[in-house]
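Participant: Going by this note's numbering, the sequence shown opens with residue 1, and the numbers climb by one from there.
Treat the hints with caution; some may be incorrect.
Computed cross-link-like contacts, DSSO-like style, restricted to lysine-lysine with a CA-CA straight-line distance of at most 30 Å [stated by the list, open to error]:
no. : residue 1 : residue 2
1   : K9        : K22
2   : K397      : K483
3   : K454      : K397
4   : K120      : K188
Ranges of calculated distance between the beta carbons of each label pair, as one might list FRET restraints [unchecked claim]:
no. : residue 1 : residue 2 : range
5   : T327      : R52       : 38 to 44 Å
6   : T327      : S32       : 38 to 44 Å
7   : G517      : S171      : 39 to 45 Å
8   : A84       : T557      : 34 to 40 Å
9   : Q149      : D398      : 53 to 59 Å
10  : A439      : A172      : 36 to 42 Å
11  : A84       : E145      : 36 to 42 Å
12  : N518      : N476      : 55 to 61 Å
13  : N476      : S171      : 50 to 56 Å
14  : S32       : S324      : 55 to 61 Å
15  : G20       : D398      : 58 to 64 Å
16  : R82       : N518      : 24 to 30 Å
Calculated from the structure, these hints are not laboratory results. Keep in mind that this is a model prediction, so the values were computed, not measured. The C-beta atom is built at its ideal place from N, Cα and C for all residues, glycine as well.
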Amino acid sequence: MSISAESRKRLFQRLQKLYGDKAENCLDELCSRCERFESQVSKNSDAKWSERDVVLITYGDQISDDSSPPLSCLQRFLEQHRVAQAINTVHILPFFPYSSDDGFSVIDYRVVDPDLGTWKEVSELGQSFDLMFDLVLNHCSQHHEWFQQFRESRDPYHGYFHAVDPSVDLSAVTRPRSSPVLTPYETKQGTAHVWTTFSDDQVDLNFSNPDVLLEMLDILLFYVQQGARVIRLDAIAYLWKRPGTSCIHLSETHEVVKLMRDVLDVIAPATILLTETNVPHDENVSYFGDGDEAHMVYQFSLSPLLLDAFLNGNAEPLMEWLNSLGTMQSGTTYFNFTASHDGVGVRPLEGLVSSERFERLVEHVRAQGGKVSTRRRPDGSDSPYELNVSYFSALGKDDSLSSDGHVRRFLSSQAIMLGLRGIPGVYFHSLVGTPNYAAGVEETGRARTINRRKYVFSELEDILSDSASTQATVFNNYCQMLKTRISQPAFHPDAPQRVVDFGYDAVVGFERQALDGNQRVVVACNVSSSPVELDLAKINGGKYRCDLLTDTQLSSTSCTLAPFQAVWLSSVS
Numbered sequence: 001m002s003i004s005a006e007s008r009k010r011l012f013q014r015l016q017k018l019y020g021d022k023a024e025n026c027l028d029e030l031c032s033r034c035e036r037f038e039s040q041v042s043k044n045s046d047a048k049w050s051e052r053d054v055v056l057i058t059y060g061d062q063i064s065d066d067s068s069p070p071l072s073c074l075q076r077f078l079e080q081h082r083v084a085q086a087i088n089t090v091h092i093l094p095f096f097p098y099s100s101d102d103g104f105s106v107i108d109y110r111v112v113d114p115d116l117g118t119w120k121e122v123s124e125l126g127q128s129f130d131l132m133f134d135l136v137l138n139h140c141s142q143h144h145e146w147f148q149q150f151r152e153s154r155d156p157y158h159g160y161f162h163a164v165d166p167s168v169d170l171s172a173v174t175r176p177r178s179s180p181v182l183t184p185y186e187t188k189q190g191t192a193h194v195w196t197t198f199s200d201d202q203v204d205l206n207f208s209n210p211d212v213l214l215e216m217l218d219i220l221l222f223y224v225q226q227g228a229r230v231i232r233l234d235a236i237a238y239l240w241k242r243p244g245t246s247c248i249h250l251s252e253t254h255e256v257v258k259l260m261r262d263v264l265d266v267i268a269p270a271t272i273l274l275t276e277t278n279v280p281h282d283e284n285v286s287y288f289g290d291g292d293e294a295h296m297v298y299q300f301s302l303s304p305l306l307l308d309a310f311l312n313g314n315a316e317p318l319m320e321w322l323n324s325l326g327t328m329q330s331g332t333t334y335f336n337f338t339a340s341h342d343g344v345g346v347r348p349l350e351g352l353v354s355s356e357r358f359e360r361l362v363e364h365v366r367a368q369g370g371k372v373s374t375r376r377r378p379d380g381s382d383s384p385y386e387l388n389v390s391y392f393s394a395l396g397k398d399d400s401l402s403s404d405g406h407v408r409r410f411l412s413s414q415a416i417m418l419g420l421r422g423i424p425g426v427y428f429h430s431l432v433g434t435p436n437y438a439a440g441v442e443e444t445g446r447a448r449t450i451n452r453r454k455y456v457f458s459e460l461e462d463i464l465s466d467s468a469s470t471q472a473t474v475f476n477n478y479c480q481m482l483k484t485r486i487s488q489p490a491f492h493p494d495a496p497q498r499v500v501d502f503g504y505d506a507v508v509g510f511e512r513q514a515l516d517g518n519q520r521v522v523v524a525c526n527v528s529s530s531p532v533e534l535d536l537a538k539i540n541g542g543k544y545r546c547d548l549l550t551d552t553q554l555s556s557t558s559c560t561l562a563p564f565q566a567v568w569l570s571s572v573s
């Protein structure tokens with residue numbers, strides 16, 4: 001089946017904006033590749049998402065033993081604990097051969113790291129769960145074959161990377177790290193200064209070369225063929241480079257995302273495109289385009305705002321931000337999360353909290369044993385970019401906070417996240433309540449290791465089988481909360497959301513309403529250490545009679561929230 005004339009026209013318009021008179025040849029090659037994949041992927045275009053969608057974020061070698069590949073161990077753990085009853089999608093963080101950054105410096109995009117397993121193990125996991133893959137497209141490893149050929153000055157690879165004269169002024173470039181923009185590499189033609197946004201081992205690809213885009217589109221479709229329901233575009237904001245500009249969010253970058261969306265709409269319309277842009281909110285949501293770009297964007301401001309609210313016992317900045325979100329464009333939604341393999345990004349706090357609260361948050365994380373990673377500003381100074389800390393640890397260690405209070409505060413933060421409009425992403429270490437992995441940081445010398453602990457299968461089983469352990473308490477309660485969540489029509493990603501002001505600075509409140517209007521759920525949480533009483537009579541006539549989290553009935557139109565308590569109050573028409 002060939003690409004329709006209408007689709008060809010749309011693709012050509014995208015390519016023309018990117019490559020001018022090279023667009024026609026590029027289009028012919030792109031359509032040829034698309035047609036090759038078209039018969040090999042599902043055309044299912046049913047509703048993209050529902051309230052049952054929850055994503056588990058995990059490394060492929062998160063759990064290991066000596067009896068089977070780590071991907072099989074992961075599947076065995078998820079099956080033994082019946083996690084599929086609560087979570088339907090697994091995001092396997094980059095599982096390809098790599099040289100650094102725990103997978104995000106890819107050596108070969110089409111091969112599963114033999115230390116994790118093979119495509120067979122990925123496919124078997126896909127029998128029980130939908131899958132989410134990373135497309136690490138801004139950069140690859142210096143050990144990738146493409147870069148090795150670049151260093152040998154062989155065609156066509158001499159144009160796959162950015163070799164820049166070091167005298168060129170790059171001071172306007174937005175930096176996510178404190179390392180240099182350019183890294184010198186020896187080639188057959190002498191020293192080349194190559195663009196390296198994230199590290200000297202991660203060399204940026206040159207998307208102004210249409211051959212690079214075609215390679216990545218081919219890999220995108222290969223991942224869909226291998227069972228990916230969701231494709232995460234890693235570090236997409238930095239994709240296109242133009243010296244003299246900030247080199248972030250350039251119009252060409254947005255055009256590439258729109259082109260990928262167009263390709264998927266033709267070949268695999270059920271696939272969800274997710275952009276990863278750890279930037280302030282307004283910049284982040286620009287990747288929705290006009291409803292023609294990403295289907296889903298990360299809700300990056302949520303994680304630090306939640307920490308700020310619980311730290312200060314005051315939810316005003318969080319509530320103001322929630323109130324500013326507005327309505328969603330059709331066919332788009334948020335990816336809500338509090339923790340991931342990266343730390344807690346703090347650029348998304350810009351303009352949302354005072355400088356005093358920002359500094360307090362940074363110092364609080366340090367006091368919990370966390371680390372602070374920095375980025376280089378245009379003036380040459382460094383500023384906090386990312387807080388490296390286990391989210392569970394970040395919500396603990398107040399002098400007056402008991403172990404039970406710590407668990408309640410953490411689970412309440414997750415109850416807020418799970419209730420918000422969008423699809424929730426749950427990091428493995430949040431699911432099992434992993435504390436800071438300080439020994440790992442000492443061993444690797446990398447701050448991000450603090451939230452990337454890997455478990456031996458028997459070790460984790462022993463921890464979770466001890467019902468008195470904190471981690472078992474978190475795991476059991478979290479799983480139950482997820483099972484409750486996925487059965488509520490009001491938590492459909494498209495279900496409307498409105499902020500509810502209970503009159504307390506310490507209370508987070510919002511209401512979700514099912515698409516058919518037959519269920520409303522009010523999510524409320526007390527982020528302070530003092531109890532508060534909520535008057536429900538002013539909301540929907542006070543018809544909220546059941547707290548879904550505890551499965552208890554309310555006897556009146558008032559509800560007392562204990563310190564750090566969250567409720568999901570349901571009203572069914």
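Participant: All hints, please: hold or fail.
Facilitator: Okay, the hints, checked on the actual structure:
1. K9 / K22: holds, 15 Å
2. K397 / K483: Status holds; Cα separation ~29 Å.
3. K454 / K397: Holds, because 24 Å separates the two Cα atoms, which is no more than 30 Å.
4. K120 / K188: It is violated: about 40 Å lies between the C-alpha atoms, which goes past 30 Å.
5. T327 / R52: 38 to 44 Å: violated, 23 Å
6. T327 / S32: 38 to 44 Å: For T327 and S32 the Cβ distance comes to about 40 Å; the hint holds.
7. G517 / S171: 39 to 45 Å: violated, 55 Å
8. A84 / T557: 34 to 40 Å: holds, 38 Å
9. Q149 / D398: 53 to 59 Å: Check passed, 55 Å falls within 53 to 59 Å.
10. A439 / A172: 36 to 42 Å: Given range 36 to 42 Å: holds, Cβ gap about 41 Å.
11. A84 / E145: 36 to 42 Å: The hinted range 36 to 42 Å holds for A84 and E145, with Cβ atoms some 38 Å apart.
12. N518 / N476: 55 to 61 Å: The hinted range 55 to 61 Å is violated for N518 and N476, with Cβ atoms some 30 Å apart.
13. N476 / S171: 50 to 56 Å: Given about 52 Å between the Cβ atoms, the range holds.
14. S32 / S324: 55 to 61 Å: Violated, at about 45 Å.
15. G20 / D398: 58 to 64 Å: Because 59 Å falls inside the window, the suggested range holds.
16. R82 / N518: 24 to 30 Å: Cβ of R82 to Cβ of N518: about 29 Å, so the range 24 to 30 Å holds.
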